[in-house]
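Since the structure of chain A is already known, use the hints to place chain B on it.
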Amino acid sequence: MSITSYNGSALIAMVGKDCFAIASDRRLGVNFQTIACDFQRIFKIHDTLYIGLSGLATDVQTMHQRLQFRHKLYQLREERNMRPETFASLVSAILYEKRFGPYFCEPIIAGLNEDGTPFICTTDLIGAKQLSKDFVVSGTASESLYGACESMYKPDLGPDELFEVISQALLSSVDRDCISGWGGIVHVV
Amino acid sequence: MECIFGLVGDGFALVVADTSQVQSIVVQKTNEDKIMILDSHKLLGVTGESGDRVQFSEYIQKNILLYQYKNGIALSTSAAANFTRGELATALRKNPYQVNMMIAGWDKDVGPSLYYLDYISTLHKLEKGGMGYGAYFLLSLMDRYFEKNMSLEKALELVDKCIEEVRSRLVVSPPNFVIKIVDKDGAREHSWRRTVEDKQGPPPTAAPIASPMAEDISVQS
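Chains as they are written, first to last, in the UniProt record's numbering: chain A, 1 to 189; chain B, 1 to 221.
Quick caveat, the hints were computed from the structure, so don't treat them as lab data. Be careful, since some hints might not be right.
In silico DSBU-like links for lysine-lysine, alpha-carbon gap of 30 angstroms or less [as the list claims (entries may be wrong)]:
1. Lys94(B) - Lys98(A)
2. Lys72(A) - Lys161(B)
3. Lys125(B) - Lys161(B)
Just chain A, same shape as in the assembly (with noise of 0.2 angstroms):
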């Protein structure tokens, strides 16, 4: 099997009016093994930045120990959070160090700008940055989130109604990729 699903993951980023949601699956396998069902995928950066990690598990937990770091590092310095732009030009930076002999995951960035407008982005795991204005997807069931997503999104949905259409959209792509699933969580901010 492929590196960057031999654990499996599956990852949503969905932009609302005023809002954002990010949703992941739970389970953390070994080829087809599964091992846990309550890994977590998404970590909160700051109250308004979230950063949700797919493929290779051993580097989900060193990226998310790396940028915890250098985010802790950046408000003791300027006394101030990161911004999500800010955010994303960091973890792009940090995954182009290793150009050639990469961290094999993809993160997703959500956020809320100062103004109140959500934010998200997603990168390749060299850091090839892509923003978006409605949705990004990651992980091994990623062509059928494309699909899910794109026929279940509308723009400018409350936060109640995109925790629904991001979790039925999660949920139903999960149900046909063997090696990712097993529970989701979503948050709304």
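Here is chain B on its own, set in the frame of chain A:
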């Protein structure tokens, strides 16, 4: 076919490992202790490449004790597990250790805990888990019979069921297993499950074997 598994019960955590040391088709010994006692309240069960297994687990044990001596306070189980993960992760892209581990510990504030640590340094806190080919049989058994906060008797019944299953269904199953426990009274060996006794050295009352040169052509006086 190495096998290691563990589970968390009411105020204790158990780690069970097979005890065979195998090199290609030869079983070198069947009483190899693969569960290291890291400090007073931590267990580290390790399987994988033999050299890496001993080397890495001793390195971790010494570093955990060093922290205690330097800082006057022992590491928590979570800290020890994360430290171990960090060491594995740092080595991963240089000279990786081929070792899979289960880390169990008891802390006063948290109680018993069990961590699964892969050879590619994937760390996850679990109530029950297993590694190796045996895990293919064990995990489903544990899914069926495990309950939260089991008593020690029930947990040992489950462990025995698991060992029976591995013995009967795994093609090259290990003959002996060791069970170690960690609870508020510390980390210690609990029991063995043997089907083969490891004979060490010649039997004590062996007569010396006559050599072909027994009748020495020596000086005849």
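Evaluated hints:
Simply put, lysine 94(B) and lysine 98(A) have alpha-carbon atoms about 13 angstroms apart, close enough for the 30 angstroms limit, and the pair holds. Between lysine 72(A) and lysine 161(B) the alpha-carbon distance is near 48 angstroms, which puts this suggested pair outside the 30 angstroms criterion. This hinted pair checks out: lysine 125(B) and lysine 161(B) have alpha carbons roughly 23 angstroms apart, not beyond 30 angstroms.
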